[in-house]
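Participant: Chain by chain, the residues run as shown.
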Amino acid sequence: MIHRALMLALLALPALAQERRSGFEDMAPQTQAMQRDDTSNPGMLWALEGEDLFRQPAGPAGQSCASCHAEGSMQGVAARYPAWDTARQAPIDLAGRIAQCRTDRQGAPPLARESQGLLALSAHVGQQSRGLPIAPPADPRLDAARVQGAALYAERRGQLDLSCAQCHDDHPGRRLAGSIIPQAHPTGYPLYRLEWQALGSLQRRLRGCMTGVRAEPFAYGAPEYIAIELFLMSRAAGLAVETPAVRP
Amino acid sequence: MPSPSILLAFLLLALPAAAQEVVEDAIPRSLTGTPGDATRGRAIVADRQRGLCLLCHSGPFPEEPFQGNLAPSLAGAGSRWTEGQLRLRLVDGKRLNPDSIMPSYHRREGLHRVGPAFQGRTILTAAEIEDVLAFLMTLREEAAP
Numbered sequence: 000m001i002h003r004a005l006m007l008a009l010l011a012l013p014a015l016a017q018e019r020r021s022g023f024e025d026m027a028p029q030t031q032a033m034q035r036d037d038t039s040n041p042g043m044l045w046a047l048e049g050e051d052l053f054r055q056p057a058g059p060a061g062q063s064c065a066s067c068h069a070e071g072s073m074q075g076v077a078a079r080y081p082a083w084d085t086a087r088q089a090p091i092d093l094a095g096r097i098a099q100c101r102t103d104r105q106g107a108p109p110l111a112r113e114s115q116g117l118l119a120l121s122a123h124v125g126q127q128s129r130g131l132p133i134a135p136p137a138d139p140r141l142d143a144a145r146v147q148g149a150a151l152y153a154e155r156r157g158q159l160d161l162s163c164a165q166c167h168d169d170h171p172g173r174r175l176a177g178s179i180i181p182q183a184h185p186t187g188y189p190l191y192r193l194e195w196q197a198l199g200s201l202q203r204r205l206r207g208c209m210t211g212v213r214a215e216p217f218a219y220g221a222p223e224y225i226a227i228e229l230f231l232m233s234r235a236a237g238l239a240v241e242t243p244a245v246r247p
Numbered sequence: 000m001p002s003p004s005i006l007l008a009f010l011l012l013a014l015p016a017a018a019q020e021v022v023e024d025a026i027p028r029s030l031t032g033t034p035g036d037a038t039r040g041r042a043i044v045a046d047r048q049r050g051l052c053l054l055c056h057s058g059p060f061p062e063e064p065f066q067g068n069l070a071p072s073l074a075g076a077g078s079r080w081t082e083g084q085l086r087l088r089l090v091d092g093k094r095l096n097p098d099s100i101m102p103s104y105h106r107r108e109g110l111h112r113v114g115p116a117f118q119g120r121t122i123l124t125a126a127e128i129e130d131v132l133a134f135l136m137t138l139r140e141e142a143a144p
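Same order as they appear, the protein sequences are chains Y and A.
Position 107 of the first sequence, counted from 1, bears residue number 106 in numbering that gives the first Met the number 0, the numbering being contiguous throughout.
Position 126 of the second sequence, counted from 1, bears residue number 125 in numbering that gives the first Met the number 0, the numbering being contiguous throughout.
No lab work stands behind these hints: they were computed from the structure.
Take the hints with a grain of salt, since some may be wrong.
[Said to hold, decoys possible] With the C-beta cut set under 8 angstroms, the calculated list includes, among others, these residues of chain Y facing chain A:
{"no.": "1", "residue": "G157"}
{"no.": "2", "residue": "Q158"}
{"no.": "3", "residue": "D160"}
{"no.": "4", "residue": "L161"}
{"no.": "5", "residue": "H170"}
{"no.": "6", "residue": "R173"}
{"no.": "7", "residue": "R174"}
{"no.": "8", "residue": "A176"}
{"no.": "9", "residue": "R204"}
{"no.": "10", "residue": "R206"}
{"no.": "11", "residue": "T210"}
{"no.": "12", "residue": "R213"}
{"no.": "13", "residue": "E215"}
[Stated by the list, open to error] Among chain A residues calculated to face chain Y with C-beta under 7 angstroms, some are:
{"no.": "14", "residue": "V21"}
{"no.": "15", "residue": "L54"}
{"no.": "16", "residue": "F65"}
{"no.": "17", "residue": "N68"}
{"no.": "18", "residue": "L69"}
{"no.": "19", "residue": "P71"}
{"no.": "20", "residue": "M101"}
{"no.": "21", "residue": "P102"}
{"no.": "22", "residue": "H111"}
{"no.": "23", "residue": "R112"}
{"no.": "24", "residue": "V113"}
{"no.": "25", "residue": "G114"}
{"no.": "26", "residue": "F117"}
Glycine included, every Cβ here is placed at the ideal spot set by N, Cα and C.
Given the sequences, and given the hints that come with them, work out the whole structure.
Facilitator: If you want it as structure tokens, here you go:
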């Protein structure tokens, strides 16, 4: 156990060696203003839709999320994900948990990854942690996946033979073509990306980078993404949740 | 006694390996045996889907906005290096620096999870690399400080 903790600390070292900063800090002032102001943040459209969906009954028993989860009870939840899913004996991310609740507890039709409904509900739940520090659970059952995530982050892949770490640990602040390379702290997902003209998940973003280095991305919902998210969230521990963030 | 056509086929198969022979920190011989075309080379360097160079490097391309700054400017590359040195750096610069972020433009082996569209292919063909080299050798002036 101590060995695992030490390994994690060592793996996170390159990121901790420099001052950690959200990608928000690197954005143009007008993009920052767009995120700050709820009336101009396009991500709020999804969050508001999610608020409606949260109260909408689904499934044969006519239960909504709100039937079990009281108003405001989701505060701080997004800051603690991914978490351990006892039922499946595996780590689960927030979107996965919402989708699981919907099928297993409400008995409603499944919400696909990256579907409008799942993004909206994730944004609504995430928004209730806005401003709170990212607080990964100390659950030791997550350690193995977190170590796997660190290894995936450092692994070169694709025809361009690049790892996440080579850009985001070794060259943050530099420009890849016109874009400033951020430190890769997933503080604001799901977030509105101007490039997408839509809200999207961390998995969508990770797939974008993998395709960019001409690698074969993992399928949506793959355990590899949850492992990477676990590692990135532990690396970002203490930074404030920004959901729904805006990024270029 | 093998027929002349079989001998020829063997000879052709052996050619790329011989052409990429590394001498110290360079590949002195052309990959194709034919001089590259600098105009085509410039177009490849500036093309963000083909050469990808300007994602990381800047260079004397006044018409190209959004050039990267992850790597040295290409300006002056032709006076800093010999053609053979540049050839090895393009073909497989990781032979000189295994930690380099510069992709190996003419290597197929040792790669991981390559996307289906790119499997078994090099980033540039031998002829494209010779074109890029012909262009890089024209870049004699260092970037203004």
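Participant: Please go over all the hints and tell whether each is borne out by the structure.
Facilitator: Checked hints:
no.	hint	verdict
1	G157	6 angstroms, holds
2	Q158	4 angstroms, holds
3	D160	6 angstroms, holds
4	L161	6 angstroms, holds
5	H170	6 angstroms, holds
6	R173	5 angstroms, holds
7	R174	5 angstroms, holds
8	A176	5 angstroms, holds
9	R204	17 angstroms, violated
10	R206	11 angstroms, violated
11	T210	7 angstroms, holds
12	R213	5 angstroms, holds
13	E215	5 angstroms, holds
14	V21	19 angstroms, violated
15	L54	5 angstroms, holds
16	F65	3 angstroms, holds
17	N68	5 angstroms, holds
18	L69	5 angstroms, holds
19	P71	12 angstroms, violated
20	M101	9 angstroms, violated
21	P102	4 angstroms, holds
22	H111	5 angstroms, holds
23	R112	4 angstroms, holds
24	V113	5 angstroms, holds
25	G114	5 angstroms, holds
26	F117	4 angstroms, holds
Checked against the numbered hints given earlier, this structure breaks hints 9, 10, 14, 19, 20; the rest are met.
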